[in-house]
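The task is simple: from the sequences and hints, build the whole structure.
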Amino acid sequence: MKRLVVGAHYGLRDWLAQRITAVIMAVYSVIAAAIVLKNSPLTYAVWKDLFAQGWMRVATLLFAVSLAWHAWVGVRDILMDYIKPDGLRLTLQVLFIVLLASYLGWAVQILWR
Amino acid sequence: MASASAKKIRPKYLSLPALLFQIRLPVPGWVSILHRISGALLVIPFAAWALYLLDTSLRSEQGFSYVRNQYLNLTLVKLGLLVFIWAYCHHFCAGIRYLFLDLDKGVDLKTARLTSWIVIAAGLALTAVLGAKLW
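From first to last, the protein sequence lines are chains Z and W.
For what it's worth, the numbering used here labels the leading residue of the first sequence as 936, then goes sequentially.
For what it's worth, the numbering used here labels the leading residue of the second sequence as 124, then goes sequentially.
Keep in mind that a hint or two might mislead.
Heads up, simulated BS3-like pairs for lysine-lysine below, C-alpha to C-alpha not over 30 Å straight-line [to be verified]: (1) Lys-973/Z / Lys-256/W; (2) Lys-135/W / Lys-1019/Z; (3) Lys-256/W / Lys-201/W; (4) Lys-201/W / Lys-983/Z; (5) Lys-131/W / Lys-1019/Z; (6) Lys-983/Z / Lys-973/Z; (7) Lys-256/W / Lys-983/Z; (8) Lys-973/Z / Lys-201/W.
Just so you know, these hints were derived from the structure itself, not from any lab.
Below you can see the structure in the form of structure tokens.
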């Protein structure tokens, strides 16, 4: 009997998303670190001007979205490995989704104040 | 029948002491578990902490100078930040290694062990360099 056990490709999509978001965050990290180290010691004027620029806000938002998505895949993997009771795992998954969404909301608030 | 007494008991369930002291994890295993631990730490508490620092430092001139001149001078904060930096750098370096492994680069045992050592060393070296800037 032929049975299709994995049909929806959830695994592949999450795996790929985790890698793409990782590359986005790695590129952002290197650029951000270079800017900060170049302007070291940092002053408020430089710091504020940096985050007043449109491209920096959008890039940081892209980073934050990538982080939330990337972290969700990682958190889900960890919960699937260590938390066996279904009810507890589901509860924790919901809590982490709420937490990561809150991080994202906070980031947007900081960037567009 | 001497061999009968030496027959191994199966299945073997792993106790916590066995996991901690009996099983020697190979270096790539250490990179892997540290990747997981650092990732978990980055979600809780470090992402929230980074957001707090960004929020306070961008809010006002006073907020910025408070973070810069007072908050970041507290010893406990500096130690915490050091762990944060290590977690970020290790996760970053190990992550790049995994991206290459996904592309089938460096999967033979010798290379995999070598790159594992490089990742661990690079994470610590980056932490030392950035930590020195902080102090």
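The hints, checked one at a time:
1. Lys-973/Z / Lys-256/W: holds, 13 Å
2. Lys-135/W / Lys-1019/Z: At roughly 20 Å apart (the allowed maximum being 30 Å), Lys-1019/Z and Lys-135/W satisfy the hint.
3. Lys-256/W / Lys-201/W: Holds, at roughly 11 Å.
4. Lys-201/W / Lys-983/Z: holds, 23 Å
5. Lys-131/W / Lys-1019/Z: Distance of about 28 Å is within 30 Å: holds.
6. Lys-983/Z / Lys-973/Z: holds, 15 Å
7. Lys-256/W / Lys-983/Z: holds, 21 Å
8. Lys-973/Z / Lys-201/W: holds, 22 Å
Violated hints are absent here; each numbered hint is respected by the structure.
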